[in-house]
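Chemist: Protein sequence lines correspond, in order, to chains W and X.
Be aware that the first sequence starts at 1, since it is given in the numbering used here, and climbs by one per residue.
Be aware that the second sequence starts at 337, since it is given in the numbering used here, and climbs by one per residue.
Everything labelled a hint here was simulated from the structure, so no lab data went into it.
A hint or two may mislead.
From chain W, some residues computed to sit far from chain X (all C-beta separations above 12 Å) [to be verified]: (1) LEU76; (2) SER94; (3) LEU113; (4) LEU305; (5) VAL321.
Pair by pair, the computed Cβ-Cβ distance ranges are [unchecked claim]: (6) X:ARG500 to W:LEU312: 43 to 53 Å; (7) W:ALA126 to X:LEU371: 20 to 30 Å; (8) X:THR534 to W:LEU74: 33 to 43 Å; (9) X:LEU391 to W:ARG277: 47 to 57 Å; (10) W:TYR262 to X:ASP552: 52 to 62 Å; (11) W:ARG71 to X:LYS559: 42 to 52 Å; (12) W:THR273 to X:GLY527: 24 to 34 Å; (13) X:SER397 to W:LEU312: 30 to 40 Å.
Capping the alpha-carbon separation at 25 Å, the derived lysine to any residue pairs in SDA-like fashion look like this [to be verified]: (14) W:LYS19 to X:THR549; (15) W:LYS19 to X:LEU365; (16) X:LYS553 to X:GLY437; (17) X:LYS553 to W:SER94; (18) X:LYS559 to W:ASP62; (19) X:LYS553 to W:VAL57; (20) X:LYS553 to X:SER449; (21) X:LYS559 to X:PRO479; (22) X:LYS553 to W:ASP89; (23) W:LYS19 to X:LEU358; (24) X:LYS559 to X:PRO390; (25) X:LYS553 to W:ALA60; (26) X:LYS559 to X:SER457; (27) X:LYS559 to W:LEU76; (28) X:LYS553 to X:THR541; (29) W:LYS19 to W:ILE155.
Beta carbons: idealized from backbone N, C-alpha and C, even for Gly.
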Amino acid sequence: MATGAKTDFTELAEDFGQKWNRFWFAPANPLPVCVLRIFVGMLAAAHFLELGQGLNVWYASDGVVPPAAVRRLLDLTSSGVEYRYSYLDGLPVSSALVVIHVLAILASLAFALGLLTRISGLLTLAALLAYIHRLPQIAGHVEPVLSFLIFYLCIAPSGARLSLDWRLFGSSKSKATLAWIVGSSDAPEVANVALRLTQVHLAMFYAMMGLTKLYGDAWWEGSAVWILLAQTQSRPVDLTGIRRWGQIGEYLINFWTHGIVYFELAFGILIWTRIGRPIVLWLSVLIWVSVIIATGHVLFGLTMLAANAAFLPAAVFEPFVRRPRVPETLPAAAAA
Amino acid sequence: MIAGMQPTSSKPAGSSESNQGLLRSIASLLICIHLFCVAVVLAANSPGNFRRSPLQGRLVSIFAAFTRLLHFDPEFTPYYYTLGRPLDDDTWLVIDLYPSGEQPVAQQQLASSIQLPDGGSNWLENRRRGFQLAKLLAASADPPSENDDITSEIARAVGGWAMRQSGNGRAVVRCMRRYSQPFDLAAVNAGFPADRPTDPAYDTTVYEADVWTDEDKQVQVQKRASRAEVAPRQTGGAAPATTPTVNK
Numbered sequence: 001m002a003t004g005a006k007t008d009f010t011e012l013a014e015d016f017g018q019k020w021n022r023f024w025f026a027p028a029n030p031l032p033v034c035v036l037r038i039f040v041g042m043l044a045a046a047h048f049l050e051l052g053q054g055l056n057v058w059y060a061s062d063g064v065v066p067p068a069a070v071r072r073l074l075d076l077t078s079s080g081v082e083y084r085y086s087y088l089d090g091l092p093v094s095s096a097l098v099v100i101h102v103l104a105i106l107a108s109l110a111f112a113l114g115l116l117t118r119i120s121g122l123l124t125l126a127a128l129l130a131y132i133h134r135l136p137q138i139a140g141h142v143e144p145v146l147s148f149l150i151f152y153l154c155i156a157p158s159g160a161r162l163s164l165d166w167r168l169f170g171s172s173k174s175k176a177t178l179a180w181i182v183g184s185s186d187a188p189e190v191a192n193v194a195l196r197l198t199q200v201h202l203a204m205f206y207a208m209m210g211l212t213k214l215y216g217d218a219w220w221e222g223s224a225v226w227i228l229l230a231q232t233q234s235r236p237v238d239l240t241g242i243r244r245w246g247q248i249g250e251y252l253i254n255f256w257t258h259g260i261v262y263f264e265l266a267f268g269i270l271i272w273t274r275i276g277r278p279i280v281l282w283l284s285v286l287i288w289v290s291v292i293i294a295t296g297h298v299l300f301g302l303t304m305l306a307a308n309a310a311f312l313p314a315a316v317f318e319p320f321v322r323r324p325r326v327p328e329t330l331p332a333a334a335a336a
Numbered sequence: 337m338i339a340g341m342q343p344t345s346s347k348p349a350g351s352s353e354s355n356q357g358l359l360r361s362i363a364s365l366l367i368c369i370h371l372f373c374v375a376v377v378l379a380a381n382s383p384g385n386f387r388r389s390p391l392q393g394r395l396v397s398i399f400a401a402f403t404r405l406l407h408f409d410p411e412f413t414p415y416y417y418t419l420g421r422p423l424d425d426d427t428w429l430v431i432d433l434y435p436s437g438e439q440p441v442a443q444q445q446l447a448s449s450i451q452l453p454d455g456g457s458n459w460l461e462n463r464r465r466g467f468q469l470a471k472l473l474a475a476s477a478d479p480p481s482e483n484d485d486i487t488s489e490i491a492r493a494v495g496g497w498a499m500r501q502s503g504n505g506r507a508v509v510r511c512m513r514r515y516s517q518p519f520d521l522a523a524v525n526a527g528f529p530a531d532r533p534t535d536p537a538y539d540t541t542v543y544e545a546d547v548w549t550d551e552d553k554q555v556q557v558q559k560r561a562s563r564a565e566v567a568p569r570q571t572g573g574a575a576p577a578t579t580p581t582v583n584k
């Protein structure tokens, strides 16, 4: 009997191991991570361009909140060691600050173009983190999402397709090591690991966004979207005319509010189901457009939509890209 | 090594297969550790982070070297957008500047006034940063979670910056909040014009402090007494409503 139980456990462990390996280590087409790299690189560049508007005010060391004040505020609001390092802490309003900022934009554009992909990706991440750690109290909604997307895209062979690296190094066997370093080599297992990490992290992120909303009565009562629309200083568009629709308008606000919360709570579960995945992906377009209208978080909404591309199969992108000159060595199953 | 994460092939393993198995095991372990860290910091993310359990707080601080460094822990970012509290209403900073740091405000002419945020588009994050800093100040100025250390640190930083920019010696930093109107205008209290949501009646001063540069070139801050700390005036009539709606 004990032997039978042991066999059952062994089979269970074997089964779990096979599923685990299939989920994380099955070879995957790197095309989705390459497409994601283009989106994320462009969004990072847009983010840096947008940061440039308030560069001297917020990020210069002699800006509104100097680094010493940031550290004192962190001591007062957080516990433990901060582990926040930023090269911006030592840069006052100067041409050096502008040059460093332009370099950050160039690094993100190089990442989008797939030029020295892994290196430009790491530089983009370092620049992004420098701005965040310079003044973490006012970091926006988009930064945490960009951080993990760039981090995983640096692990992935995100320069394997649709990149300048592929043109420079991809076709030559003599440059295989260099191609691996810059991230342009076909590494189907690594592509899958990075894609899966993005998917799991994103699902957890949606769950976190949904759960934090449950702390407030406004999301339960269905009035949260109205409160956002009623902010005269920060709303992007004035939609308070909905009030004139009376009861229908109130129901619309309730529906809009509940829709956002239910979507965020359901995303992390339904995205793993065969039927649910296309539904939540289509729904996400609607939800994020509505969130952008209500809050004005354009970059954040676009980044979340771009991140959803991690859940799309490679076949979706294939019709839009030219076949690479080097024949694919992937097995048919992996390419699918 | 976790048994379930062994290479799944039942064939005799060659050297390369065994290496691949070892690599997968190491990768599996790293993935588990990484996702556990991320799951803990995301699960511990609550408004103001005040609802963390002691266990979550301890784990978040242990993982900080990894999660905070790479910003996987979005601790200051309000992903709830609003919770319907007065604290979530629009808040901004007004800095009135006066030339001399040695004379009190009452004896000087106002030199200029700066607002944070000032201008810009609500579709962009730059303007939102100003609101976020003001909300950070307001959150520590409201009575339930009052923290003079935080408010004075922000007032000192903002006032000091404005004085450096303009060459003035004294500033009054005010944190303003505008209450939002409810959906049902019938619920608006008397004294708050229903047809003008930007009327000054909706604005309230959450925090006010004098900031000046002393003879040692140090920036000093003195908080002005809040309304709650001042004895009410003896008047015959009923007190006016202080918020636009009954339930706020």
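Chemist: Now, for every hint given, state plainly whether the structure supports it.
Modeler: Verification of the hints:
1. Not every Cβ of chain X is farther than 12 Å from the Cβ of LEU76 (chain W); the closest lies at roughly 5 Å, contradicting the non-interface assignment.
2. With a minimum CB-CB distance of about 15 Å to chain X, SER94 (chain W) clears the 12 Å threshold, and the non-interface call stands.
3. The beta carbon of LEU113 (chain W) sits about 24 Å from the closest Cβ of chain X, which is more than 12 Å, so the claim that it is off the interface holds.
4. The non-interface label for LEU305 (chain W) is consistent with chain X: the shortest C-beta to C-beta separation is roughly 16 Å, beyond 12 Å.
5. No beta-carbon of chain X comes within 12 Å of the beta-carbon of VAL321 (chain W); the shortest separation is about 28 Å.
6. Our hint of 43 to 53 Å for ARG500 (chain X) and LEU312 (chain W) holds, since their Cβ atoms are close to 50 Å apart.
7. Restraint check, ALA126 (chain W) to LEU371 (chain X): a C-beta distance of roughly 23 Å satisfies the suggested window 20 to 30 Å.
8. The hinted window of 33 to 43 Å between THR534 (chain X) and LEU74 (chain W) holds, with their beta carbons roughly 35 Å apart.
9. Checked against the hint of 47 to 57 Å, the C-beta distance between LEU391 (chain X) and ARG277 (chain W) comes to roughly 34 Å, which is inconsistent with it.
10. The hinted range of 52 to 62 Å is satisfied by TYR262 (chain W) and ASP552 (chain X), whose Cβ atoms lie roughly 58 Å apart.
11. As the Cβ distance of ARG71 (chain W) to LYS559 (chain X) is approximately 22 Å, the hint placing it in 42 to 52 Å is violated.
12. A hinted range of 24 to 34 Å for the beta carbons of THR273 (chain W) and GLY527 (chain X) is inconsistent with their spacing of about 54 Å.
13. About 37 Å separates the C-beta atoms of SER397 (chain X) and LEU312 (chain W), a value consistent with the hinted range of 30 to 40 Å.
14. Distance check on the hinted pair: LYS19 (chain W) and THR549 (chain X) sit about 66 Å apart at the alpha-carbon level, beyond 25 Å; violated.
15. With a C-alpha separation of about 16 Å, the suggested pair LYS19 (chain W) and LEU365 (chain X) falls inside the 25 Å cut-off, and the hint holds.
16. Restraint check for LYS553 (chain X) and GLY437 (chain X): satisfied, since their Cα atoms lie roughly 10 Å apart, inside the 25 Å limit.
17. About 23 Å separates the Cα atoms of LYS553 (chain X) and SER94 (chain W), which keeps this hinted pair within 25 Å; it holds.
18. About 23 Å separates the Cα atoms of LYS559 (chain X) and ASP62 (chain W), which keeps this hinted pair within 25 Å; it holds.
19. Taking the CA atoms of LYS553 (chain X) and VAL57 (chain W), the gap is near 21 Å; set against the 25 Å cutoff, the hint holds.
20. Only pairs whose Cα atoms come within 25 Å are accepted, and LYS553 (chain X) paired with SER449 (chain X) is accepted, the gap being roughly 22 Å.
21. For the proposed pair LYS559 (chain X) and PRO479 (chain X), the alpha carbon gap of about 14 Å is at most 25 Å, so the pair holds.
22. For the proposed pair LYS553 (chain X) and ASP89 (chain W), the alpha carbon gap of about 22 Å is at most 25 Å, so the pair holds.
23. Taken as a hint, the LYS19 (chain W) and LEU358 (chain X) pair is honoured in the structure, with Cα atoms around 17 Å apart against an allowance of 25 Å.
24. For the proposed pair LYS559 (chain X) and PRO390 (chain X), the alpha carbon gap of about 33 Å is over 25 Å, so the pair is violated.
25. Of the supplied pair hints, the one linking LYS553 (chain X) and ALA60 (chain W) holds, its CA atoms being roughly 21 Å apart against a limit of 25 Å.
26. Under the criterion of a C-alpha separation no larger than 25 Å, the hint pairing LYS559 (chain X) with SER457 (chain X) is inconsistent with the structure, at around 32 Å.
27. With a C-alpha separation of about 18 Å, the suggested pair LYS559 (chain X) and LEU76 (chain W) falls inside the 25 Å cut-off, and the hint holds.
28. With a C-alpha separation of about 28 Å, the suggested pairing of LYS553 (chain X) with THR541 (chain X) is violated against the 25 Å cut-off.
29. For the suggested pair LYS19 (chain W) and ILE155 (chain W), the alpha carbons sit about 22 Å apart, so the restraint of at most 25 Å is met.
This entry does not satisfy hints 1, 9, 11, 12, 14, 24, 26, 28, going by the numbered hints stated previously.
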